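A.B. asks: For the record, the sequence lines run as chains A and B. Each residue of the first sequence is one higher than the one before, counting from 30 in the working numbering. Each residue of the second sequence is one higher than the one before, counting from 2 in the working numbering.
What the hints contain is simulated information worked out from the structure, not anything from laboratory work. Please read all numbers here as calculations on a predicted model, not as lab measurements. Just so you know, not all the hints are guaranteed correct.
What the hints assert, rightly or not - List of simulated lysine-lysine pairs, DSS-like, C-alpha gap at most 27 Å:
(1) K85/B <-> K9/B
(2) K68/A <-> K3/B
(3) K68/A <-> K153/B
Said to hold, decoys possible - Stretch by stretch, here's where chain B covers chain A in the computed footprint (C-beta under 8 Å, at least three residues):
(4) 39–45
(5) 69–83
Claimed, not checked - Selected chain B positions facing chain A (in silico; Cβ < 7 Å):
(6) S160
(7) I161
(8) A162
Just so it is clear, CB atoms sit at the ideal spot from N, CA and C, and this is done for glycine as well.
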Amino acid sequence: MSIIIRLDRMMADRKMSLNELAEKVDMSNVNLSNLKTGKMKGIRFETLNAICKVLECQPGDLFEYVED
Amino acid sequence: MKKEAIKKLNKDLEIEYFCSIAVLISSLLYSILYLIDFISGKGNDNLTKFCYGVASSIVLSLLIWIIRDVKKNDTPFTTSITNKLKAIAGVVILSSVLPDLLTELVVFVGKVNADLPAEIDFDFVFASKTLFICWLGIIIGIISEIFTYGVKLQEDSDSIA
Chain A
30 MSIIIRLDRM
40 MADRKMSLNE
50 LAEKVDMSNV
60 NLSNLKTGKM
70 KGIRFETLNA
80 ICKVLECQPG
90 DLFEYVED
Chain B
2 MKKEAIKKLN
12 KDLEIEYFCS
22 IAVLISSLLY
32 SILYLIDFIS
42 GKGNDNLTKF
52 CYGVASSIVL
62 SLLIWIIRDV
72 KKNDTPFTTS
82 ITNKLKAIAG
92 VVILSSVLPD
102 LLTELVVFVG
112 KVNADLPAEI
122 DFDFVFASKT
132 LFICWLGIII
142 GIISEIFTYG
152 VKLQEDSDSI
162 A
């Protein structure tokens with residue numbers, strides 16, 4: 030996949046743990062961990078909205094496109 | 002949205018769950034009574050009724066198991082539920098022919114043992130009751146195949162955060 034999720038970087042910048050973010054965005058730890066490690070096929074706008082709200086960032090800050 | 006939907010499904014299934022348990026208990030009791038009647042020689046018809054009772058009990062047990070699985074897994078689309086639906090379809094299709102066939106066989110063996118002219122009458126295969134039960138089994142089989150597709154969609158949905 031050419032789209033890389035930079036959730037770990039954003040969480041580290043804000044000193045937020047996975048458990049804390051999962052609780053704030055109302056997601057399970059397993060799902061958020063899978064999203065962080067790029068194991069998920071996609072992300073819903075609803076989830077993206079919640080993550081951006083909690084991390085106070087733009088959707089573009091969370092994703093990066095790299096050439097294969 | 003998913004949480005609300007599964008909550009509503011679980012609530013809706015509660016009535017079916019208790020009804021299934023009640024019918025299962027009565028079905029088992031009737032099966033035992035028909036078996037006792039058959040053993041005590043009150044007619045071969047009791048054997049047919051016993052077989053229908055056993056088939057009903059198996060189907061109802063599987064239904065109860067399915068409802069419990071839905072409650073446990075928070076989704077009706079799992080491989081285990083699909084397999085149980087296929088099992089129900091199989092039992093229903095078999096129950097369309099087996100009880101009458103078994104009764105015919107018992108009558109046939111009885112006549113052979115008594116040195117009477119005996120033959121198996123296969124007319125029950127084309128009886129409207131047999132065909133209806135068989136169609137019911139086929140419909141359940143088709144629904145189980147639709148559930149197989151539902152399982153794939155569920156897996157796809159679960160891989161989206």
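A.B. asks: What hints, given by number in increasing order, does this structure fail?
C.D. replies: Hint 4 alone not satisfied by this model.
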